[in-house]
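Each protein sequence line maps, in turn, to chains R and H. Using numbering that gives the first Met the number 0, you'd call the opening residue of the first sequence number 0 and step up by one each time. Using numbering that gives the first Met the number 0, you'd call the opening residue of the second sequence number 0 and step up by one each time.
A couple of the hints might just be wrong.
What the hints assert, rightly or not - Taking lysine to aspartate or glutamate and the EDC-like style, the derived pairs with C-alpha atoms no more than 20 angstroms apart in a straight line are: (1) Lys-272/R x Asp-300/H; (2) Lys-223/R x Asp-177/H; (3) Lys-296/R x Asp-300/H; (4) Lys-322/H x Glu-321/R; (5) Lys-296/R x Glu-298/H; (6) Lys-286/H x Asp-177/R; (7) Lys-330/R x Glu-321/H; (8) Lys-327/R x Glu-52/H; (9) Lys-296/H x Asp-177/H; (10) Lys-316/H x Asp-177/R; (11) Lys-286/H x Glu-320/R; (12) Lys-49/H x Glu-321/R; (13) Lys-317/H x Glu-298/R; (14) Lys-272/H x Glu-321/R.
To be verified - Computed from the model, here is a short list of chain H residues facing chain R with C-beta under 7 angstroms: (15) Trp-261; (16) Leu-265; (17) Val-325.
If you're looking for bench data, these hints aren't it; they were derived computationally from the structure. Where is the CB? At the ideal position from N, CA and C, for every residue including glycine.
2 protein chains.
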Amino acid sequence: MSKFSRNKFMMETQREENVDQIIEGLLKGDRMMLSRAITLIESQAGRHKKQAEEILQRIMTRSGNSIRIGISGVPGAGKSTLIESLGLHLCKQGYQVAVLAVDPSSAVHGGSILGDKTRMEQLSKHPNAFIRPSPSGGRLGGVHLRTRETIFICEAAGYNVILVETVGVGQSEVMVRDMVDFFMLLVLTGAGDELQGMKKGIMEFADAVIINKADGPNAEAAKKTQREYQQILQFLQPAANDWVRPALTCSALYGEGIEQIWKTVLEFEKTTKESGLFYNNRNIQAKAWLYTNIREKLETDFFSHEKIKNLIPDIEKKVLEEKMTVTKASKILFNAFYGK
Amino acid sequence: MSKFSRNKFMMETQREENVDQIIEGLLKGDRMMLSRAITLIESQAGRHKKQAEEILQRIMTRSGNSIRIGISGVPGAGKSTLIESLGLHLCKQGYQVAVLAVDPSSAVHGGSILGDKTRMEQLSKHPNAFIRPSPSGGRLGGVHLRTRETIFICEAAGYNVILVETVGVGQSEVMVRDMVDFFMLLVLTGAGDELQGMKKGIMEFADAVIINKADGPNAEAAKKTQREYQQILQFLQPAANDWVRPALTCSALYGEGIEQIWKTVLEFEKTTKESGLFYNNRNIQAKAWLYTNIREKLETDFFSHEKIKNLIPDIEKKVLEEKMTVTKASKILFNAFYGK
Chain R
0 MSKFSRNKFM
10 METQREENVD
20 QIIEGLLKGD
30 RMMLSRAITL
40 IESQAGRHKK
50 QAEEILQRIM
60 TRSGNSIRIG
70 ISGVPGAGKS
80 TLIESLGLHL
90 CKQGYQVAVL
100 AVDPSSAVHG
110 GSILGDKTRM
120 EQLSKHPNAF
130 IRPSPSGGRL
140 GGVHLRTRET
150 IFICEAAGYN
160 VILVETVGVG
170 QSEVMVRDMV
180 DFFMLLVLTG
190 AGDELQGMKK
200 GIMEFADAVI
210 INKADGPNAE
220 AAKKTQREYQ
230 QILQFLQPAA
240 NDWVRPALTC
250 SALYGEGIEQ
260 IWKTVLEFEK
270 TTKESGLFYN
280 NRNIQAKAWL
290 YTNIREKLET
300 DFFSHEKIKN
310 LIPDIEKKVL
320 EEKMTVTKAS
330 KILFNAFYGK
Chain H
0 MSKFSRNKFM
10 METQREENVD
20 QIIEGLLKGD
30 RMMLSRAITL
40 IESQAGRHKK
50 QAEEILQRIM
60 TRSGNSIRIG
70 ISGVPGAGKS
80 TLIESLGLHL
90 CKQGYQVAVL
100 AVDPSSAVHG
110 GSILGDKTRM
120 EQLSKHPNAF
130 IRPSPSGGRL
140 GGVHLRTRET
150 IFICEAAGYN
160 VILVETVGVG
170 QSEVMVRDMV
180 DFFMLLVLTG
190 AGDELQGMKK
200 GIMEFADAVI
210 INKADGPNAE
220 AAKKTQREYQ
230 QILQFLQPAA
240 NDWVRPALTC
250 SALYGEGIEQ
260 IWKTVLEFEK
270 TTKESGLFYN
280 NRNIQAKAWL
290 YTNIREKLET
300 DFFSHEKIKN
310 LIPDIEKKVL
320 EEKMTVTKAS
330 KILFNAFYGK
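Sequences and hints are given; from them, build the entire structure.
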């Protein structure tokens, strides 16, 4: 065997061993292997993509056995405190809790990468918990796709409660909604925060609104806010839904109301599993995932095409100045794309 | 000249004459030619498409000089009565009023095609008005694109108020919003209708809510509904907007409140033209139009591809049953699409 082919052989073997090791490890719940698998999934390198794909393909039948919960809210609403509090509550009951974050652009609001572990100090030390810091940067769509795959990997590793945190910038909530079973919106008392939820249209798909920091002198105001949200949620109630969305108060810091939040999640799971909505939603999500993936690739292929990149600034200008119709602009671009 | 080439010559000449005639006619405000131009635009025949494209390209610099108003509301809210009332009010003041309809699927709610002219009996007889019945059937996206082009044609024909009516099925409102300057939502008193506006998320982009049928024994209830909407609109107020969206009452049937609606539109036009929002919106719309067009064509090309049509049922099934990852599914489909 030549030196070259021996090296190639060793590399191939090593690759195979790695994937096998990772899969074996993560199915046993080995966090190191779980972390490695997620790193491969998040990697942009072609070789890693292949390995990630192989892992995913092989663990797929082992995933799905969890309740996936999305948690959203404006910065300062107390998302990490709630996750710490709820996560510990669940870990103590024997649940395996994985915490993931969809952070559309970490550069915008620094801190979350620095501090995921320190933010959730107690939870991060609990043997039943696995906290994955936010992926750094990257396109929103990409992060979204990777987070969905990360959920599958965590489930295969035995985690049966997945908490997906997202920082409220609108688009990311829509993406998280499309990968979770239950979506909660964390708010504070005071009109400013209420407006935020409403404006972004997040309220429309929240399965529950949680008014946090309902403690001390704030308790009274929180009750009032709760009533306001109950009214708004009534307005927004979807027709084809057997779930009446509640507004709850809690104090994540003092652990008050956490039990009630979890009861609400279980009630939701029970109701929607009985009605079939739970499974139906997961099917819709899987389908949407496929088509989103296709659309994104189509657009990426098109707009990153050399000829299109060269043509588009001038064509866009002409369309805006009403010197060219959209039909003509489109024709020129597609002729270039298909190499006509 | 052979018989063949003479025929060909005559056909070519006729085609040229037609387009020239149509353009000349419609720029003079000839309704017959305007109707013919719109028919060409709505036609799916390849030859018509070419003519339509030529007309559009040549009249483009003459379009844009109007206020484009979208009117939405549940069936029965009184949209046609309002359009008749508002349209006549404007025609009498010397405005040229064109009425278009975006009817996503005429089959679903019969009647609008039958009755556009009879629904607006007086307006349809006024020399300053042009009413174009709803396009019959067709894909939602297609209708949307044609309606936008129809607006341009009407503007080139001298119409300076364009009323675009849409029947509330959610998606069509979003499309109409993307082609008008001012969007009004017509509602009735009573919780049922209020809910409808909220549920579909239409409230979020309404520039005004009009509570219709505020007459007789209904007048009191309408005032109450008005106050409720004012409150909701306050909740939904967008941050980056200098326009405070009002809730108005009117009786389209008795012509009450129509003057106030028009004053509101003019006030909106003045405010947003001064702030630049008006022109900015039109630019955003033109850009969105281009990119929507590109995306639609990309998806149509992909999903109508023979190989994709054959592959997708099985692949979708495998993804739903979690037997295949989305990445792998996507790879198989794209290899087929690009002929690899």
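Now the hints, each set against the structure:
1. Lys-272/R x Asp-300/H: violated (38 angstroms)
2. Lys-223/R x Asp-177/H: Distance ~38 angstroms between Lys-223/R and Asp-177/H Cα, so the pair is violated.
3. Lys-296/R x Asp-300/H: holds (14 angstroms)
4. Lys-322/H x Glu-321/R: violated (49 angstroms)
5. Lys-296/R x Glu-298/H: With a Cα-Cα distance of about 11 angstroms, the restraint between Lys-296/R and Glu-298/H holds, given a limit of 20 angstroms.
6. Lys-286/H x Asp-177/R: With Cα atoms ~27 angstroms apart, Lys-286/H and Asp-177/R exceed 20 angstroms; violated.
7. Lys-330/R x Glu-321/H: violated (39 angstroms)
8. Lys-327/R x Glu-52/H: Measuring from Cα to Cα gives roughly 8 angstroms; hence the hint holds.
9. Lys-296/H x Asp-177/H: holds (18 angstroms)
10. Lys-316/H x Asp-177/R: holds (19 angstroms)
11. Lys-286/H x Glu-320/R: With Cα atoms ~11 angstroms apart, Lys-286/H and Glu-320/R stay inside 20 angstroms; holds.
12. Lys-49/H x Glu-321/R: With a Cα-Cα distance of about 18 angstroms, the restraint between Lys-49/H and Glu-321/R holds, given a limit of 20 angstroms.
13. Lys-317/H x Glu-298/R: violated (24 angstroms)
14. Lys-272/H x Glu-321/R: holds (19 angstroms)
15. Trp-261: At about 27 angstroms, which exceeds the 7 angstroms cut-off, the nearest Cβ of chain R leaves the hint on Trp-261/H violated.
16. Leu-265: violated (24 angstroms)
17. Val-325: holds (5 angstroms)
In this structure, the earlier hints numbered 1, 2, 4, 6, 7, 13, 15 and 16 are contradicted, and the remaining ones agree with it.
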